[in-house]
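Next come the chains, spelled out residue by residue.
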Amino acid sequence: MDFVNAIILLLNYIFIPALTYGSQLALGAIFVTLIYGILRFANFATGDMMSFGTMMTILFTWYFQSLGVSLGVLPTALLAIPFGIIFMILYMLLIDKFVFKYYRHQKSPPVQFAMVSIGVMFVTQAVVRIIIGPGDRRFFDGEKFIIKAREFKEMTGLNEGLALKSTQVLTIFVTIVLVSLLFWFLNKTKTGKSMKAYSDNEDLALLSGIDPKKIVLVTWVIAGILATIGGALYGLDKSFKPFTYFNNMLPIFAAAIVGGIGNPFGAFLGGYVIAFSEILLTYAYKKFFMYILPESMEPNSLVQLLSTDYKFAVSFSILVIVLIYRPSGIFKGKVL
Amino acid sequence: MVGIFQSWNIALSIFNLCLISAVMTMGANIQWGYAGLINFGIMGYTALGGLAAVLISVDPVQEAWSAGGFDILMSLWLIVVMVLVIRFILKRFKKSKIRTYSIAAIIISGILLIRFSAEPGIEAIEAVDPAKTGFLGGFGLPIIFSWIVGALFAGGLAFIVGKVALGLRADYLAIATLLISEIVIAIIKHEDWLTRGVKNVIGLKRPAPYEVDLQTTDWFIELVEKFNSGKLGLIENLADRQAALNQLVIEGSSVFVKLCYSGLFLIVVIILLILTQKALYSPWGRMMRAIRDNEEAANAMGKNVVKQHLLIFILGSAIVGIAGAMLVTQDGLFTPGSYRPMRYTFLIWVMVIVGGSGNNFGAILGGFVVWFLWIEAAPISLFLINFFTAGIPETNALKAHLIESVPYFRFLMMGLGLLFIMRYRPKGILPEKIEIK
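In order, the protein sequence lines correspond to chains A and B.
Using my numbering, read the first sequence as starting at 1377 and increasing by one per residue.
Using my numbering, read the second sequence as starting at 672 and increasing by one per residue.
Treat the hints as calculated values from the structure; they're not laboratory data.
Be aware that a few hints might be false.
[Claimed, not checked] Below, a list of computed lysine-lysine pairs in the DSS-like style, where the Cα atoms sit at most 30 angstroms apart:
id: 1; chain 1: B; residue 1: LYS870; chain 2: A; residue 2: LYS1477
id: 2; chain 1: A; residue 1: LYS1614; chain 2: B; residue 2: LYS1098
id: 3; chain 1: B; residue 1: LYS870; chain 2: A; residue 2: LYS1617
[As the list claims (entries may be wrong)] With the C-beta cut set under 8 angstroms, the calculated list includes, among others, these residues of chain B facing chain A:
id: 4; residue: TYR772
id: 5; residue: ALA836
id: 6; residue: LEU837
id: 7; residue: MET1085
Built from N, CA and C at the ideal position, the CB exists for glycine as well.
Please build the complete structure, drawing on both the sequences and the hints.
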């Protein structure tokens, strides 16, 4: 019985949260990796673009709520996400047209692109804060839990409860669907293949008659979908705050690079690597050991490898280690 | 200009921060402009400089030392032993899987051991009067020394970072340095025994006199009286005149203190400017430019690119460290929570790009212009909003919303400024001048 309790404990506090957080990171990381692979720059505006998409979703959620439209047990935001995506894509295309296009035609070095994306980051940050303000917003409605900790305890008679939030299930489900669609698109359709070809060797792709304008357009469309959904899921699960989104850029970068930048599948897994290592290393295992060890051996301390304050530091350290020993990432990406 | 419109006090504090920004920008400019190294870790070096200011100037906390000093020293000793062992292994054994794994094992067990030995000490230290101290304190030296120590700290960190990350391609280097600086901030924020963490350190010593002391000093009151004799002469009533004088003395004292800081900072800026100008036009500066413009060619000419990159990375970071110490000196407090990448990394980069990379005067100009705009963006945009919405009544929701969000227009201004400069004047306001002799 104690053993089952221990397993439930790990599931509840490590596995499910890490899987959720990892999914959110994975979506962002694929966004970064796509932009890097096809448009060839590190996009420092990632976090803020995600917050822009989320903001649009929130605005539409509020609008639907004021109309009285809802999805019952599901959050209204699901209905608003498609509209958020449309505005996100429009915003990205606008920025591409007025900012990035020029440098693409100039064939500027990636550093210059990165600098320009910092300008975009500043502007997007301002836009988001001017429209919705810097405060904390919760826009979740509908049923909060699928399984409540107390109900679970009563049902199974265990000491440990297992709480399953609907946003967690939603996040994991949406991520799986979205990512499988994306991989199907990249690997099976003609446009997807031409995107891959463009990413591998630009000149060769152009010679074989691939239209670069179309590639760039499709890339931004996919990026917009990923950014909005990733951002909205994070916002539903936790809450929306522009500053948090800016900070999330860092673990997202870490996930993309750890997975091998330019490689979408690597980025997908990288998100989970980062999320699991962050949570595994900062979780206090005291209760876990209390269950599985006999009473005489119970630990006195928290059995925590690192304090939770170092959550971000863990993912960054992983990144640094990967950069030193395996610069192309765990799954071969572009070599630096 | 601000002096006339708002007050001399505000004008001087903006000027002081402009000077500090200029120093930071010079540091970043050395790395980016001279050598083409991109360093997004400015925040980390600034914070280390600030930490140096705390460690140098705060009086040591005796009880904390006696409570946990031994444990801390033990762990420091352990770290040194660990590093030595790793060095020994690296030297003695050939590269192999076993070596890599054994080093990893040493590091992991070392960290566990250090945690184990330091834990009681840290807890004891943090328990010593947590509301006031709860940390080891510093050395109780004049805070000016910290400017040099800050440079050493930052340079030391840069040495480690440079060893690790300089081989990376430019944009990876940017990301890596950004993340490393976040790690540094995380450590400073949470190692309370060393830095008091988010509890902040306040009331640091000053290199300049205190306002309160000045207000009771005779020569200072006389000075203020002399300066304002015309204005004071107009006031007939003796009591009124005394009151006016008191007011002026209070105002004058804070201006005087700020002027002292300005003087100190100006000295630093001028020294750095002379040094960097000399360096830029020396053979060494020429070599750096050669490396920047064509690494392979410079390498083929027998220049040690890796070593020079490391050197310039350390130098630039050290200058940023000086600026960090100066910043804490001027504020008189150390708040680890306030180190945010937006303010301390990206804004500095805007300064470098706007001012003109590779040009020291450009860096200083960028520091001044961008900092001034950053501070004054809110009033300017408030004025613009009022101007353009003059016809709309005050109660209009849109206008009220815009006025409420005035502080965020500074981001918009910075972003647009950066984008326009990048597009239409990619070399900055004062472009790099290359003299061919």
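Would you pick out the hints that fail for this structure and give their numbers low to high?
Hint check: 1, 2, 4 and 6 fail, others pass.
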